[in-house]
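Number of protein chains: 2
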Amino acid sequence: MISRKMDGIVRSGSAIRAMFEEGKRLAQIYGKENVFDFSLGNPSVPAPSKVNEAIKSIVDSVDAMTLHGYMTNSGYESVRQTVANNLNRRFNTDYSARNIVMTVGAAGGLNVALKAIVDPGDEIIVFAPYFGEYDNYISNVDGKAVVIPPNPPSFQPNIDALEKAVGVRTKAVIVNSPNNPTGAVYGAETLKSLGDLLRRKSKEKGEAIYLISDEPYREIIYDGNKCEYVADYYDDTIVGYSYSKSLSLPGERIGYLAISDKAEDSENLLSACNVATRILGFVNAPSLQQLVVERCIDEKTDVSAYDKNRRLLYSALTQYGFECVKPQGAFYLFVKCPIEESVFIAKAKEYNLLLVGGKSFACEGYVRIAYCVDYDMIERALPAFKKLAEATIGNR
Amino acid sequence: MISRKMDGIVRSGSAIRAMFEEGKRLAQIYGKENVFDFSLGNPSVPAPSKVNEAIKSIVDSVDAMTLHGYMTNSGYESVRQTVANNLNRRFNTDYSARNIVMTVGAAGGLNVALKAIVDPGDEIIVFAPYFGEYDNYISNVDGKAVVIPPNPPSFQPNIDALEKAVGVRTKAVIVNSPNNPTGAVYGAETLKSLGDLLRRKSKEKGEAIYLISDEPYREIIYDGNKCEYVADYYDDTIVGYSYSKSLSLPGERIGYLAISDKAEDSENLLSACNVATRILGFVNAPSLQQLVVERCIDEKTDVSAYDKNRRLLYSALTQYGFECVKPQGAFYLFVKCPIEESVFIAKAKEYNLLLVGGKSFACEGYVRIAYCVDYDMIERALPAFKKLAEATIGNR
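In the order they appear, the protein sequences are chains H and X. Counting along the first sequence from 1, when you hit position 36 you're at 36 in this note's numbering, and nothing is skipped either side. Counting along the second sequence from 1, when you hit position 215 you're at 1215 in this note's numbering, and nothing is skipped either side.
You may find that some hints are simply not true.
What the hints assert, rightly or not - Simulated pairs of lysine-lysine, BS3-like, Cα-Cα distance not exceeding 27 Å:
#1 H:Lys144 x X:Lys1144
#2 X:Lys1005 x H:Lys205
#3 H:Lys56 x X:Lys1300
#4 X:Lys1005 x H:Lys5
Hints are computed from structural coordinates only; laboratory data are not their basis. Keep in mind the model is a prediction, meaning the values are calculated, not measured.
Model the full assembly from the supplied sequences, consistent with the hints where possible.
Rendered as structure tokens:
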């Protein structure tokens, strides 16, 4: 028998699996080109060609024992120094190798960070809507998720609500900018307010409330804007990063945590992350991919394809009458459901449109449309979206 | 502040770190070639050349979106089928792709398996001596480790003691053959008794007691012996494997779990492992290395180098008067301390010999000597071992 906890998770997870199966079923009936799957956050831009060149060059030049061998659990020193230098060049940081822990993607990194700081019953504050996996990550360490209600239409974090939510058991706050699922990007003013509040609350508490900044979409940003670096606004920040989106390497599981020397208890915290990487069973981030990151650190993401998709889909959907804020980053549109969420999703499916409900992000009444897909598919899907609008907005 | 739980682990972990620092300190004083580090289980044989050839060929031939992309959390279907076929050819198994979950090494796999089955307070039985990380893995899921005392000199699992240890909260038993740290290999008779007992106890309990078989050393076996396949003796077995040792890829983090359809609740159990892979933050085993495994599945480990080391070290140490059983697998010698363990380890350090105490494996009064090192280093170290024998065995 599986555990009671997992039994619940396996059962509740079956909705997404059902959607996946539904997609396959629909493709068999209508043909793959007539089914429009907007449910997955899987990059549609391939990895830069330099990645594969780097892999071949590394394999040819690095000694096999180093290339495929164990290193310290936090990762190769030279890789961590390269990551530190890259961040220091771009932001107001002064990291060195010791401040960086290479991780098995951002998902691995968040689990490591939570393992390092959370005791059973500690509270972790999250802003709805948020990536549903946070609930599982927090539960893995017997923490308690405290959810701040959604703040539409801007979906900027509600600082007043945060002030009320912070309590004596608050251990950390998680932010995610650019945001999955809304595409919102937190501006300098917001981050300044957030930092001010957390400094004041940490002082009251007598120890730091850590800010965990989940940043896999940091480089995917539009309209010539720049993404503020969250840790520049609050020293007690644990930055979690992934190359899944920025280098299109989601399957390779490579990312890092960055913790400044200015963070409270930083030496212990970095040691704890090093140890947590080991005891959670990651042991270390995949060695070859660490070396790839070292060589490809300055590769730029080609966000133009995502931007093109964003413009087409946003202008079409708003023209059809749907309500949503134009996303400033990531590759998701978060659209208000004109009718009850589950009915809307079922209706969308009738037009072969596969969308994920806001309920999965603790924000009922919305759908997330992942536009990291082929432009052609969006073009083919537009008539379906139009019909969906006519069938649902009229019936509001 | 880091969590109280991690604080304890970070502090207790400092003994190994201190050993590492000690090694560096000694190397500076005496020269690297005069310090003999037998503390690490890091393969000293490089990966087969076919591994790097496979990497280059995969990069050149596989579409980047497939190569570096997401797949189902359990891994690529074709890779899992290849693993299944390989096991079916060698053992009495009838796995197919659905029975295999690709994992981030065996450490990742064990964490996934435990997450899938353990509720807080469930008991997991381990046989001392055992890999100390099991304690952390069990603690990660709030399980309780129940330790069966060591059974020297053979270090075969004590089935009578197991019978007494099984209780109503027993959820699983962990075995590890070939064994770290003893090098013991469990024979057919032992596994038959173990299977018989667990079948009886599962019947009494009314649900399966799972046997978790941690098999990273399965292919490292000597004297023409073969390694029994644990799951052939007990259907409710969760096999955990890693290519860290057999393909010398410890840094790449690639392995698998195998669960037979004959295991109780196998469909749920496999779903739970798939989900646990995701929610623990592994998401999936590194994609490129999965494809490497697919192409290199029939590569044989060159165990002759380890065997040469084993023969030299075993014959020398026993000649000097040390007591140990000749290991039949893995790459460790487990030697009885002639004097109190910590004093013996300190004495060894005086001769620049770095050994790990049995205490780290819940078996005080022994040292583990990892002979996955250069043959030359063993030759250079023999005079030091001889002096250590003279200094300690005489003073028994």
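Hint by hint, here is what the structure shows:
1. H:Lys144 x X:Lys1144: Holds, at about 22 Å.
2. X:Lys1005 x H:Lys205: holds, 20 Å
3. H:Lys56 x X:Lys1300: holds, 24 Å
4. X:Lys1005 x H:Lys5: holds, 21 Å
Hint compliance for this structure: no hint is broken.
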